[in-house]
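Fit chain B to the known structure of chain A by using the hints.
For reference, the chains in residue letters:
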Amino acid sequence: MKLAALIKKEFHRFFRDPRLIVTILLPGIVIFLLYNIIGSFVNTQEKYDYKVYVTGGAEYAGIVKDAIEADGSGSTVELIFASEEEGKAAVQKGEASALLVFSENFTPAAGNSVQIWYGGSEESLSFYTVASAVLQGIAQATTFSVEPHSFEPEENFAKQFIANLLPFLVVTFVFSACMSVTLESVAGEKERGTLATILATSVKRSHIALGKILPLSCVAAIGAASSFLGVVFSLPKLMGADLSVLGGYGFGSYALLFLLILSFVPLIVSAIASVSTLARTVKEASGYTGVIMIAVMVLSIVSLAAASLGDWVIAVPVLNAVLFMGKILGGELPVWQSLLSVGANLIYTALLVWLIAKMLSSERIMFGK
Amino acid sequence: MDLFTGEIVRVENLRKTFTLSRKQQRAEKTSLSRKVAVDGLSFSAYRGEIYGLLGPNGAGKTTTLRILSTLIKPDEGDAFILGHSVRKEPQAVRDCVGFLTSELKLEGFFTPDYLFDFFGAMHGVDKETLAGRKRELFSRFGIDAFSQVKIADLSTGMKQKVSLVISIVHDPDVVIFDEPTNGLDVLTAKVVTDFLGELKRMGKSVLLSTHIFSLVEKLCDRVGILIDGKMAEDGPLDAICGGKSLEERFFEIYRGIKGDVL
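Chain order of the listed sequences is A and B.
With this note's numbering, letter number 314 in the first sequence gets 314, and the count goes up by one each step, no holes.
Start counting at 1 in the second sequence, then tack on 369, and there's your number in this note's numbering.
One or more of the hints may lead you astray.
Said to hold, decoys possible - Pairs of lysine to aspartate or glutamate residues, derived as EDC-like cross-links and limited to a Cα-Cα distance of at most 16 Å, are as follows:
no.: 1; chain 1: A; residue 1: Lys47; chain 2: A; residue 2: Glu59
no.: 2; chain 1: B; residue 1: Lys474; chain 2: A; residue 2: Asp17
no.: 3; chain 1: B; residue 1: Lys442; chain 2: A; residue 2: Glu363
no.: 4; chain 1: A; residue 1: Lys51; chain 2: A; residue 2: Asp66
no.: 5; chain 1: A; residue 1: Lys51; chain 2: A; residue 2: Glu122
no.: 6; chain 1: A; residue 1: Lys2; chain 2: B; residue 2: Asp464
no.: 7; chain 1: A; residue 1: Lys283; chain 2: A; residue 2: Glu363
no.: 8; chain 1: B; residue 1: Lys519; chain 2: A; residue 2: Asp17
no.: 9; chain 1: B; residue 1: Lys599; chain 2: B; residue 2: Asp408
no.: 10; chain 1: A; residue 1: Lys8; chain 2: B; residue 2: Asp482
no.: 11; chain 1: B; residue 1: Lys442; chain 2: B; residue 2: Glu458
no.: 12; chain 1: B; residue 1: Lys474; chain 2: A; residue 2: Glu122
no.: 13; chain 1: B; residue 1: Lys457; chain 2: B; residue 2: Glu472
no.: 14; chain 1: A; residue 1: Lys8; chain 2: B; residue 2: Glu476
no.: 15; chain 1: B; residue 1: Lys474; chain 2: A; residue 2: Glu191
no.: 16; chain 1: A; residue 1: Lys204; chain 2: B; residue 2: Asp408
no.: 17; chain 1: B; residue 1: Lys599; chain 2: B; residue 2: Asp444
no.: 18; chain 1: A; residue 1: Lys204; chain 2: B; residue 2: Glu458
no.: 19; chain 1: A; residue 1: Lys2; chain 2: B; residue 2: Asp495
Claimed, not checked - Reference listing, derived: stretches of chain A covered by chain B, where coverage requires no fewer than 3 residues with Cβ under 8 Å from a Cβ of chain B:
no.: 20; segment: 310–318
no.: 21; segment: 357–367
Quick caveat, the hints were computed from the structure, so don't treat them as lab data.
Since this is a predicted model, take the numbers as computed values, not measurements.
Here a beta-carbon is modelled for each residue, glycine too, at the ideal position from N, C-alpha and C.
Isolated chain B (complex conformation):
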């Protein structure tokens, strides 16, 4: 890691393929038994920045973030978070990464307070530190008022706040969000975007995947455009857009690679 440039995440030539079942082959209209999800991907993210992976469904965004979260292993290449290899030091990576997926649905029976303590224990945070983190985060994100209410009795926005706070219970330097606003109504989506902005102010590095242009434009400092598992463009948002809207620029790049298929 380059301490001078503040590089906190470095992805080097990542490649990941998946075996397709017959059902998946039919769904994807292919006779190939393997699919390349990520193909030679390289990029860097820096301290205190929000990096957005933008691309259509199936572009490899989720696969990339799962590799960075050590949930799956790359076939080739490697990624480093704060200098720790996801291949060789997954435990060390897990200690400095917070991961959240929009698919997460917290169990209705538990309270935010209980779940915070539980995930704190999962990350090995000692009780004293955990109590301090809880006070700080619950107060900062307005969870105090409903910390003892069961998840089942909370609104969607409240639930999302709890999920978000749980993902940073261990005070990670890097926070990874897979499709953070996917499927959320406008009010809950705002909770998430405000939260991401707050994380940035707290000095965290955030990596997120999305296919929502406005979210990237509003939040991200740097963006990587993924198409068919390959990095089509990568750089600061302003440099990528070059005075055009992100949406306009994205489709230019997309047509440049895929042809006029839209």
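Just chain A, with the same shape it has in the complex:
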């Protein structure tokens, strides 16, 4: 009954206050609008007459052609079947938009691949974006690989970087959502003296800790989901593709992504709640949270280059979530690593809840000057 009352109070605080609801949901809406506007400037859907060299895989090159010509932009695709060398030369000279190289006796199955060679022109980049989206869509279901190769490495890097950025952005938005709900609820309550009044009742310290972490995690998860959806639905636009690229991910991928995010939210809420319990004021808690934020950001950035790291990454909070989110978005389905990461995050959360309960019992922390 006491735990239920504590949880209810936190939900009451958020869901009865329209301003707070807006604060939670606004980031996702702003991200969606902002990225779409940027995407519109960066990747205006123009009509192109693509000239594409193809080596092998005539049937699947035809599928790509049909998909591009049916996307509503009015673009056309001319397929020229030639050798790989002829195709590369044509792309490098700017005489062709791109070259598709299908592996020998290509079938859409594991072990086969499609190389997309493209240049630095707007037309070439546009073809690469839409063709890779179509091929990735097929590849998600059939597990063959799509390998982009650019004759303009920097441009290619920029595109890839945006694609790799999604997990990092998700972590950033999750952190913001957690911070916006946790600081005031924990440090604010301590600063106002209401926490001391609650401590003077017969409620257990562990219930107070859980009564904060559970509802705050739910509220932060809504905020994080809003931001996540904002990013997911606007990133294709930013990259110049359409939303069909999202259909390339199966139910398993989305389920794992959400599990990773859902396990990451209470972990971050607990971490911020811990420092908020330690702090005497909201201002002091904000300072401590800044340190956690830097640590989270650094781990997120490290994860961008952590593909070659071993399985021990599963035990590293933040790093595990970002790394496996990246892998899922990259087309892999690391099921057991993701589930172990979720388990690790939940264990860390439980430890932090225990730590908060201990801190609530510490007179030095709660009443020290």
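Positioned in the frame of chain A, the structure of chain B alone reads:
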């Protein structure tokens, strides 16, 4: 507890020390790493009385009341409320004590009605009893008129009334107020003093800390004068004053202990 004398609170040889940070050492101009906040404190309070702990800042008043409210533990000694040890039975003590500090600032978003129910749930009061308590207390202290108004929209006096009522939501036998009128304007302070008087009429025992002489003279039956964590004088107000004003008597005692430092 002595049921014949009506002793409801007994404090026995309480001692509490705190570790000082370097910043606190500089502020207190001392090289000692520990400070004795309460030093061998003993006193008793009785049913239906208001007991006032009087002393300057740093005398140990708040520390004593926090020990009695089970928010902190004593290093030595013990205190008993209705026979329950604050050391060994903190949960039982919390059930029969209401605690309020002047530092409490209720969250602006909630209504008095909601907060009353919330703190009732924290004390484990069942819904039916809680509804009855709410009707009684809201009517008695005039909260009905603004029970559904958010705290942020209430006047300071109204907020203070709500804080006071919340502290006795579970109908405790003992009510502990730390500096109840500290920082309040005269109108709000009157709300508090009237409330304390009403509690006494309701048969509650009240322990309060203050450094305001007039508050003790007006409300308290018994007073303990704390200086440097030690009980300098303890007894009925009339006996302590001995015909002099409390202020006059206090400074006599103070000079007797600290010398002519004022």
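Each hint, compared with the structure:
{"no.": "1", "hint": "A/Lys47 with A/Glu59", "in the structure": "violated, 24 Å"}
{"no.": "2", "hint": "B/Lys474 with A/Asp17", "in the structure": "violated, 19 Å"}
{"no.": "3", "hint": "B/Lys442 with A/Glu363", "in the structure": "holds, 8 Å"}
{"no.": "4", "hint": "A/Lys51 with A/Asp66", "in the structure": "holds, 14 Å"}
{"no.": "5", "hint": "A/Lys51 with A/Glu122", "in the structure": "holds, 13 Å"}
{"no.": "6", "hint": "A/Lys2 with B/Asp464", "in the structure": "holds, 14 Å"}
{"no.": "7", "hint": "A/Lys283 with A/Glu363", "in the structure": "violated, 21 Å"}
{"no.": "8", "hint": "B/Lys519 with A/Asp17", "in the structure": "holds, 12 Å"}
{"no.": "9", "hint": "B/Lys599 with B/Asp408", "in the structure": "holds, 5 Å"}
{"no.": "10", "hint": "A/Lys8 with B/Asp482", "in the structure": "holds, 15 Å"}
{"no.": "11", "hint": "B/Lys442 with B/Glu458", "in the structure": "holds, 12 Å"}
{"no.": "12", "hint": "B/Lys474 with A/Glu122", "in the structure": "violated, 61 Å"}
{"no.": "13", "hint": "B/Lys457 with B/Glu472", "in the structure": "violated, 28 Å"}
{"no.": "14", "hint": "A/Lys8 with B/Glu476", "in the structure": "holds, 15 Å"}
{"no.": "15", "hint": "B/Lys474 with A/Glu191", "in the structure": "holds, 9 Å"}
{"no.": "16", "hint": "A/Lys204 with B/Asp408", "in the structure": "violated, 30 Å"}
{"no.": "17", "hint": "B/Lys599 with B/Asp444", "in the structure": "holds, 15 Å"}
{"no.": "18", "hint": "A/Lys204 with B/Glu458", "in the structure": "holds, 14 Å"}
{"no.": "19", "hint": "A/Lys2 with B/Asp495", "in the structure": "holds, 11 Å"}
{"no.": "20", "hint": "310–318", "in the structure": "violated (count 0)"}
{"no.": "21", "hint": "357–367", "in the structure": "holds (count 4)"}
Figure legend: structure checked against the earlier numbered hints; hints not met, in rising order: 1, 2, 7, 12, 13, 16, 20.
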